[in-house]
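Protein chains in written order, with this note's numbering: chain A, 1 to 477; chain B, 1 to 298.
Errors might be hidden in some of the hints.
Listed below are the simulated DSS-like cross-link pairs for lysine-lysine, each with C-alpha atoms no more than 25 angstroms apart in a straight line [stated by the list, open to error]:
| # | chain 1 | residue 1 | chain 2 | residue 2 |
| --- | --- | --- | --- | --- |
| 1 | A | Lys106 | B | Lys71 |
| 2 | B | Lys295 | A | Lys362 |
| 3 | B | Lys247 | A | Lys362 |
Honestly, the hints are just simulated from the structure, not real lab data. Please read all numbers here as calculations on a predicted model, not as lab measurements.
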Amino acid sequence: MNNSINPTEHSTIVSYYKELSDIVGKENLERFLKGDYTYEDNAPFLSVIMRTQGHRPEALSEVLLCLCGQSDMDFEVLIMGHNLDEVGRESVLEIINDLPEFMDGKVSLIEVIGGNRTTPLSRGFEAAKGRYISILDDDDLVFEDWVEAFHTLEKDNSGKILHTYCVAQDWLNVKNDYDETVLVSVSPFRTIYCTDFELIRQLSQNYCPTFSLAFPSIAYKLLGIHFDEALTTTEDWDFLMRTALICGVADNPTITGIYRMWINAENSATLHNKKEWDKNHKYIQNKFKSSSIIVPKGDTDDIIAKSCGDVFASKLNTNEFTILVDDGSGFMAHRPLSPEFSGENGIWHARCTEFGDFDKVKSIRIDPLVSGTMTIKTFRIKANDDNGNDVTLNINKFRTNGVFYKDMVVFLGDDPQIRYDVKNPVKLSSVVFEFQFFYDVPVGFMRMPILRFTIKHWAAAIFRKLRAILRLLKPKK
Amino acid sequence: MEHKTLRAQTILYHNEISGLEKSLASLYKAVEVSARKGGAIDFIDVYFGDASAEPILTDEQIADFNRRFGKWLKVTYTFFGFNSGTSKGQNIMFKDCETDYFMAYNPDVIVCPNYFIEMLKPYERLEKVGLVEAKQSPLEHPKEFDAKSGIEPWGAMACVIIPTKVYRELGGLDEENFFLYCDDVDFTWRVRLAGYKVVYQSRAFVYHSKHVDNDGHVVPTNAELYYSAEAFLFMCHKWSNPELLKKLIAIYTNGTSHQKKALAEYYRRKENNLLPKPLDSQHKITSFYGFGYSKNRY
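Isolated chain A, as found in the complex:
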C-alpha cells in the first residue's frame, strides 16, 4: 500500500473544488465560502443597472416612474449611458433631474464610451454598491413589489441568485398626429416567463429576462464572475449561468414586471443577425461543456425521467401553451384560453372548456410554445358542442407552419402554430387536444435531403402566387 497517495485526490468533490479554485482563485473561493466580504457603509440592498443610449426618453422616463412607485425603496439606480451624443446626454440628465425629491441621490448617470452592449454592464457592476444587482432595461416596466420581492427572498437565500416571475407583452412605438412618440400595449400578458428556474433547461436557452433576476454582488466582486465582453448577444445568459452554477438560484413566484416586446421598434433581436446569435449561442454552450455542474435537488427528477425515456421529461412549459379562438372577429380579438393539462402513457391531454364567450367558433389555433426546435406527434382533437355532441368530424384537417414528417409535425422556426377550421361554425363546450411532445427534432428528419423540402415549399409558394394572380384576373360578376 502506498501511503503517499492522497486517498481523495480524484474524488468528485476535490476535483470540483480544484476546478473552482482555478477559475476564481483559491483565496477568493475560501473567502466566499466563509462570507468574508464587507460592503460599503450605507450600501443599499439593490443596485439597479440600466443601460441606455438615450434614444428612448419616453420609455426611460416611464421605467424610472415605476421605480418611484416601489414599496421598498432600498435601492440605487445606475444609468449606464452608452456612447451618448449631446442630445441623448441632455435628455437623460433632464429625466434624472426631474424626478421627485424622494429620489434625490438614488439615481446617477455613468457614461461609457466604446465597447459593445456588454461593456456598460461591466462598468455598472463595478460601480454598484448594493448587496444585490439587477439589470433593468430602459424599456422594461416593473410593478410596485419588484424590489420587495427580491428583498423578501434574500432573507432565506442570501448568496443565491434571486429570481421572480414576469410577463411578456407586445408593444408598438407609433407617432401621433403631432409627430410625437406614443407607446401602446397591443397584447394581453403572456406568462411565458412564469416558471421556476430550471438549471438543466437553462443550458439550452435562456428563459429569464434580466430584470427578473438579482445577482449577489459578492459573486462579481469577490469571485470575479464577470461579463464576457467577447459576446455581442446573449451576454446575460452566459453571465447568469456562470453565476448560477456556483451560487444557485432561489425562486419567488410573484409576477414583478412586464417584459416589453417591441413589434415595430429596434431591439437586440433586430440589431444582430441569426448567424451572430447562433455563433454566440454555440460559444456559450461550449463553456457549459467544459464545466462541472452541481445539479440542484429539484432538477434531479427531470434527469431521471429523461434517462428513463419518459415523454414528460421534455417538461412542456404549459404556461406557453395557448389556445386562440376565432369567432369571426379574428384570433387576436379575444384573450387566449388556458387549458388544463393531464397525461398518461406518454400522451398529453390539454382540455379547454372556456368557450362561454363565443357564440360560434370558426377556427381554433394552438400555439404550443413560443420558440421552435420541437416536435409534436400523434396530434388529435376531440370537440363537443353545447349539447354534448361530438363535433370532431365537423373539423377540417389541421394546418400548421411546421413541417409534416411521418406521423409528426416538426417545428424548426419560432412561433409554432397548429390551426383547425370548423366546417359549420358551432358553439363549443369543450375541446381536448391529445399529443406527444418532444423538445428536439427526429434524427431521421435532419438526414432528409433539404432539397426535397425546398422544392416542396417553393412549389407551394408558386401555387399560392398563381392562384392569387388568377383570382385578380378573373372577371368580377
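We have chain A; now place chain B onto it with these hints.
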C-alpha cells in the same frame, strides 16, 4: 403660454401616508417642471377629501406638507365623517371650485414630470375637449383608442383633467347610482353626449399600483367585485341597453355572491323607482362590446 389655474381633488380612504407623500412630491415636481418650461400651470390647489372612519391626517401633517411643497402647491384637507365613495366625495369638494381646470385622481398615483404640460396639450390642439385621461403605468388599460389623435370612447378617471365649466355643466359624477366604479364611464359618456371629446394622453403617464396574480390577471378587490357588478346593471339601464341587461340578470341570478347582492340592489331600486332615467336611446354614444364598455385592443 396663457396661465391657467387648476384644482386637484382626491378621495382618501384609509390610505398609507407614505403613498400620499410620494404622490404630492410628484405633483410638486410636475408643477415646477411646467413653470420652468413655460407651461400653463405654475401653481395648483390640492384638495384631500377624507372618507375614512377616522381622520388619517392631522393638522400638523397638513402644515408639514404645505411647508415642504408650498412653493408650487397648497394642500387643503376635509374630513367627511362618512364613507362618501369617490363620486359623492368629488362632488362635495367640487362645489366651490373656481379654477380653470379640475383634476380628479387616485391618491396613490405618481405623476410623470411632464404631466401638466402633456395633459393640457389636447385642449390646445383639438376643439371641444371635455376630458383628458392620463396613461396608467405599468398596467395600461386595454380599451381601444385612436393612437393618432388620442380620442377614445370613454375615460378611466384614475387621473384626469377636466375643464371646470364642463364638470359643472354636467352636474359632476352620478353619485346616486355609482358609489365607486363606473362613475367614470358614465361621466365620460355624458361628456360625449354633451358634444365634447374624451382624449387619452398616453404621453402623460402616471404610476398606478396594480397587482397581477400568477396567471398574469389583475387581482380585483372585494369592493371592486361588488360595486363593478352593481354598476354594470345600472349602466345597462341608464344607457338604454335592455338586451345586455337581460343577459346580465340571467348570469347574476346564478352567479357569485357579489353578483347576487348587486342584483338584489338593482331590484330594490327598480321596485322603488330609484333607477336613473335612460339616456342615448339611439346608441350614438355608448360603446358596449360584449361584456365591456368598449372594444379592447386585446
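Exercise. For the pair supplied as a hint, A:Lys106 and B:Lys71, is the alpha-carbon distance within the 25 angstroms limit?
Worked result: 23 angstroms, holds
For this session: Mind checking the alpha carbons of B:Lys247 and A:Lys362 for me, to see if they're no more than 25 angstroms apart?
Result: The hint holds at about 23 angstroms.
Exercise. Is the Cα-Cα distance between B:Lys295 and A:Lys362 25 angstroms or less?
Worked result: 20 angstroms, holds
In terms of the numbered hints stated before, the structure departs from none.
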